[in-house]
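Visitor: Given chain G's structure and the hints, the job is docking chain C onto it.
2 protein chains.
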Amino acid sequence: MKIILIGAGNLAWHLTCNFIQKGIEIVAIYSQTLTKAQELAQEFGLEQVLVTNHLKKLAQLQADVCLLALKDDVLPNICQQLQLQPNILVAHTSGSQPLNILQHFKNYGVFYPLQTFTKGKAIDFSIIPLCLEANTPNNELILRKLAQKLTSSIYTVNSEQRVVLHIAAVMACNFTNHLWACADRILQREHLDFHILQPLIAETLQKAFALSPKQAQTGPAKRNDVQTISKHEQFLAQNHTDLLPLYQILTKSISSYYYPS
Amino acid sequence: MKIILIGAGNLAWHLTCNFIQKGIEIVAIYSQTLTKAQELAQEFGLEQVLVTNHLKKLAQLQADVCLLALKDDVLPNICQQLQLQPNILVAHTSGSQPLNILQHFKNYGVFYPLQTFTKGKAIDFSIIPLCLEANTPNNELILRKLAQKLTSSIYTVNSEQRVVLHIAAVMACNFTNHLWACADRILQREHLDFHILQPLIAETLQKAFALSPKQAQTGPAKRNDVQTISKHEQFLAQNHTDLLPLYQILTKSISSYYYPS
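Top to bottom, those sequences are chains G and C. Add 401 to a position in the first sequence, counting from 1, and you land on the number used in the working numbering. Add 401 to a position in the second sequence, counting from 1, and you land on the number used in the working numbering.
Next comes chain G alone, as it looks inside the complex:
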């Protein structure tokens, strides 16, 4: 399988790294910033690859799949300008963009890895869920073939589901990370190290997936321990006023989940 890669950022780095490992050929790398495309090609010793910042140079190229590994703010613009041989299957990798932003192509789809990537920090792609969508069953099959080279965790996820998946990920990851930041702040003020919580958080996560988060729920709100809750609220009101509404709304949300009125 031959790939044209549009983008030379974080995700492009990880895709390149894994494509090479699995013997998937990259025929071109495009980036608006030429040096970024050159650096990526150099880092992985891709001397035969067309490296360019001119989209037009891709127009005559042959390949099976063209992957758009771009940020959401540049994706629509590049989509509009991109012209490729009509047989090439064009897929974007965004969790928040619908399939139909590619509908001016003949063959198109979505190839969305549900993971957060840090440049330079290699990640085991084999457990990363790849969410696929395509304009025809045959095109989905092509994306599935590509996905199978990388991971065993493959999902068919349509554009509406992908929006919901993103909302769920925001709640399950971005928001939880923020709660860890709040905990860190509270602990620092008492000269306690955030790492003291690591085994507890790890076990909480492990339990949530072994049972279900609903079954695994513990804590003062779950057991309706009004005394502890009011002690906590008092402490926050005196020392971290901004965290009080957060504590209260989450406590209330847990209560109404387990003690519906």
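Since the hints were derived computationally from the structure, they do not count as laboratory data. Fair warning: there could be bad hints in the mix.
One copy or two, it doesn't matter: identical chains are merged, so the pair holds either way.
[Stated by the list, open to error] With a Cα cut of at most 30 Å, we get these calculated DSSO-like pairs of lysine-lysine:
#: 1; residue 1: K423; residue 2: K457
#: 2; residue 1: K653; residue 2: K615
#: 3; residue 1: K507; residue 2: K520
#: 4; residue 1: K615; residue 2: K437
#: 5; residue 1: K507; residue 2: K457
#: 6; residue 1: K653; residue 2: K423
#: 7; residue 1: K632; residue 2: K458
#: 8; residue 1: K608; residue 2: K623
#: 9; residue 1: K608; residue 2: K403
#: 10; residue 1: K437; residue 2: K653
Computed from a prediction, not measured in an experiment: that's the story for all the values here.
Guide: Just chain C now, with coordinates in the frame of chain G:
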């Protein structure tokens, strides 16, 4: 070291399991429910141990440490009734009770393992943080000696700090688990499996401790992506009204953390 164990619940089970592995002798197990104490002794083949539901039977017993592995609601009551040889160091294991509920003893302290325990599911005690406090430096040393047999992660944490630690743990574990339950609910409605988020959550956790949660923060609120936020709010308003205030307050909290006005 000889231990009297008060309580035969979840934590008592895990302590017994680990004490035996490390060659620490248990001389008595007390439980208000005799059968629970008997079951615990039987499960670990402790035939020589005094098993009782009469606190008075402990009054003449010799030991080094008496550990109160009890729930918060029964702890104060048992504390008041308990009479032991004055040399014995009495320690409770509660995260939320102050040291001075034991002040009628001569030697007393706190031996608080910061972890969530599931009965029957063995856990590696060697990475569990043990939080110690005692009425004298010498008594703290005795607790430290006992703690060192179980773990290398030992902290001196006074009663005020322990309250704060509990608040931080509620935010970092109970609240995050609830957000996972919310994400699960959102996904189920779209026929998506919660496990699709597992690698992403695991990586988020890993990053939060490798950097710091503040440095590791990502997501629409962090990058001030107003368009995505409003799309998410619209979806929640239409489909999960109860989750909308939660989404909004966490988004606002992240915003004001990274873009203070």
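Visitor: Against each hint, give a clear statement of whether it holds in the structure.
Guide: Hints and how they fare:
{"no.": "1", "hint": "K423 to K457", "result": "within (29 Å within a copy, 70 Å between copies)"}
{"no.": "2", "hint": "K653 to K615", "result": "both (15 Å within a copy, 25 Å between copies)"}
{"no.": "3", "hint": "K507 to K520", "result": "neither (33 Å within a copy, 58 Å between copies)"}
{"no.": "4", "hint": "K615 to K437", "result": "between (45 Å within a copy, 28 Å between copies)"}
{"no.": "5", "hint": "K507 to K457", "result": "within (18 Å within a copy, 85 Å between copies)"}
{"no.": "6", "hint": "K653 to K423", "result": "neither (49 Å within a copy, 43 Å between copies)"}
{"no.": "7", "hint": "K632 to K458", "result": "neither (66 Å within a copy, 36 Å between copies)"}
{"no.": "8", "hint": "K608 to K623", "result": "both (16 Å within a copy, 28 Å between copies)"}
{"no.": "9", "hint": "K608 to K403", "result": "neither (42 Å within a copy, 33 Å between copies)"}
{"no.": "10", "hint": "K437 to K653", "result": "neither (48 Å within a copy, 35 Å between copies)"}
The structure fails hints 3, 6, 7, 9, 10 (numbered hints given earlier, in ascending order).
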